[in-house]
Amino acid sequence: MQITVDIPDDMARQLESLKDELPQILALGLLQVKANPSTGFSGLAEVLEFLATLPSPQETLALRLSDTAQAQIEALLEKNRVDGLTALEQRLWQQYEFVEHLVRMAKAQALLKLQEVA
Amino acid sequence: MSKTYVPADLRRLVFERAQDSCEYCLIPAALALAAHQMDHIIAEKHGGETVSENLALSCALCNLAKGSDIASIDPETNDTAKLYHPRRDQWSSHFQFEAQTGLIQPLSAIARATIRLLPINRPESLTERVILFRVGRLVIPAD
Ligand SMILES: [Zn+2]
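In order, the protein sequences belong to chains W and X.
Following this note's numbering, the numbering of the first sequence begins with 1 at its first residue and continues without gaps.
Following this note's numbering, the numbering of the second sequence begins with 1 at its first residue and continues without gaps.
Treat the hints with caution; some may be incorrect.
DSSO-like mimics (lysine-lysine), calculated; alpha carbons at most 27 Å apart, straight line [what the hints assert, rightly or not]:
hint : chain 1 : residue 1 : chain 2 : residue 2
1    : X       : Lys45     : X       : Lys82
2    : W       : Lys79     : X       : Lys45
3    : X       : Lys45     : W       : Lys19
Please keep in mind that the hints were generated in silico from the structure rather than gathered at the bench.
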């Protein structure tokens with residue numbers, strides 16, 4: 001299918017180098033729009049919302065993925081072992097990887113804080 | 001695509017043996033967001049069994065990067081090298097931890113291949129390990 005859309009100039013400049021990836025970018029955008037926890041990485045929003053509450057070090061250390069997000073991670077791990085991830089699933093994983101490191105750093109900082117207090 | 005069930009007592013053994021830390025990148029379970037995984041060292045698709053001797057504790061990131069691989073390329077020689085086998089290989093004969101930088105330095109072809117594939121020394125992990133070491137929460141495997 002071919003579509004024609006009008007987009008702002010600055011977006012056009014950014015897309016210039018990503019021309020080949022446009023279908024994928026659109027697919028990802030669709031996932032976001034539909035915001036279906038079974039297709040997007042559902043852990044992202046919950047973690048960001050949690051961090052926005054400025055949790056204490058103890059609360060930060062207790063942070064875990066919800067069961068839904070954890071199940072999504074395990075499904076991706078299994079899919080990866082059995083027949084590999086699609087490009088879209090790889091993007092999802094990268095999104096998770098970013099959040100994982102963000103939380104690890106928050107927890108490491110929380111450990112440092114607790115030690116300073118002690 | 002059903003995931004192999006690991007009985008609770010076996011899971012407990014794997015966690016305890018690894019002192020709750022990823023046996024590849026050393027990140028403790030308490031620091032992770034996603035739960036640590038039961039890693040089949042030799043993947044089931046290569047005939048690896050769900051037994052104590054074939055299980056290692058792995059963080060989700062190492063687990064994904066390893067996939068079902070059992071070997072990779074040693075970046076120094078471009079030869080194939082087996083991946084680190086936490087049950088058969090002695091950690092200290094293959095790796096060395098650098099407290100200043102957080103780097104896990106390779107001492108063998110096995111280590112070079114494993115560090116590159118997983119990747120154990122991604123920049124984020126270095127910072128995490130430096131802090132963990134400072135607060136005494138990094139477990140360096142002593143064989
Ligand atoms: Zn790991």
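Hint check results:
1. Of the pairs offered as hints, the one joining X:Lys45 and X:Lys82 holds, with about 16 Å between alpha carbons and a cut-off of 27 Å not exceeded.
2. A hinted pair counts as satisfied when its Cα atoms are at most 27 Å apart, and W:Lys79 with X:Lys45 qualifies at roughly 13 Å.
3. Annotation: proposed proximity of X:Lys45 to W:Lys19 is violated, straight-line Cα distance about 38 Å (limit 27 Å).
Comparing the model with each earlier hint shows a violation of hint 3 alone; every other hint is respected.
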